[in-house]
Amino acid sequence: MSVHAVIPWNFVSMTNDAKKIEVEGNTVGECLNYLIEKHPSLKADLFNRDGRLHHDIVIYLNKASTYPDQLGKTVSDGDELSISVLIGGG
Amino acid sequence: MLISRFGREGQEKLKAARVLVAGAGGLGSPILIYLAAAGIGTIRVVDNGKVELSNLNRQVLHFTGDVGRQKIESAVEKLKQLNPEVEVDPMYATISEDNVTGIVSGCDLIVDAMDNMPARYLLNKAAIDARIPFLHGAVSGFEGRAMTVLPGKSACLWCIYHGAVTQEGKFPVIGTAPAIIGSIQSTEAVKYILGMGDLLLDRLLMYDGLSSKFEEYTVHKDPDCDHCGHLTEEE
Chain U
131 MSVHAVIPWN FVSMTNDAKK IEVEGNTVGE CLNYLIEKHP SLKADLFNRD GRLHHDIVIY
191 LNKASTYPDQ LGKTVSDGDE LSISVLIGGG
Chain A
178 MLISRFGREG QEKLKAARVL VAGAGGLGSP ILIYLAAAGI GTIRVVDNGK VELSNLNRQV
238 LHFTGDVGRQ KIESAVEKLK QLNPEVEVDP MYATISEDNV TGIVSGCDLI VDAMDNMPAR
298 YLLNKAAIDA RIPFLHGAVS GFEGRAMTVL PGKSACLWCI YHGAVTQEGK FPVIGTAPAI
358 IGSIQSTEAV KYILGMGDLL LDRLLMYDGL SSKFEEYTVH KDPDCDHCGH LTEEE
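Same order as they appear, the protein sequences are chains U and A. Start counting the first sequence at 131; every next residue gets the next number (our numbering). Start counting the second sequence at 178; every next residue gets the next number (our numbering).
Same shape as in the complex, but just chain U (with noise of 0.2 angstroms):
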């Protein structure tokens, strides 16, 4: 199963400067812990210590927001998942 973990500009240097990188799993949680298999340095930006996502990232799927169960949603072949970090300046 192909699925593709878009990353933000802020995280690519934690991915080798890569901004699209296939995954596997069946959730979105699942997804994201490949990632973090593949790239280590991104799971403090990720998660915090109790293993549920930093408030200030948003995970879509398919260009749609994934809340409430952000890391129990299932993903299909082809399907894209986008990692959003909260911008806040004006």
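These are calculated hints, taken from the structure and not from any lab test. Since this is a predicted model, take the numbers as computed values, not measurements. Hints are all accurate, no fakes.
Calculated lysine-lysine pairs in the DSS-like style (CA-CA distance at most 27 angstroms, straight line):
1) A:K330 with U:K203
2) U:K168 with U:K150
3) U:K193 with A:K390
Once you've looked at the hints, dock chain A against the given chain U.
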């Protein structure tokens, strides 16, 4: 205005409108310029800052000679030069729980040009309480986002982020990012006032300057939202 279906009636609608622009910085500058140029009748501008040299890469309403002045003072001067017919209502204030209701009072819509999330949430909530639109915008680096909130009808800012805040401090930004997002917010304001087109409802528009891409992300009104969950479309 020669745009189709706009006409004198549309211009009169703009003239009758009272718009709050919260912030006179990076986003606020293009928003204020385009709303004044469009002929919005009354613009209330609130800001608590003074012009600094480091602002000038993006805060195009302020010039080198304005360094040290209150931003609202500089803004009023420029906007009156641009369009003397516009009534500018300046407020030198820091938006807080205590004053936000008064700041919003009497306005038809709120345009978010803030530089921090806590103030945005206060405005988001005040807009919901007053049942007026909240036109969100935010920038960082080469990126920007915009979304329009119609209370009770579409997702609000809290529905997306659930109270999350970004790191405190400065957000370095290329000057064109707020120019692009602020222009989109101004367009949304004009469209709302005129009743034209499709607003950015339940659609978070993300601009990525490094990829030169605009992408739209679907968000949902959260029935359990702390800010708007109690509202239905009929209210």
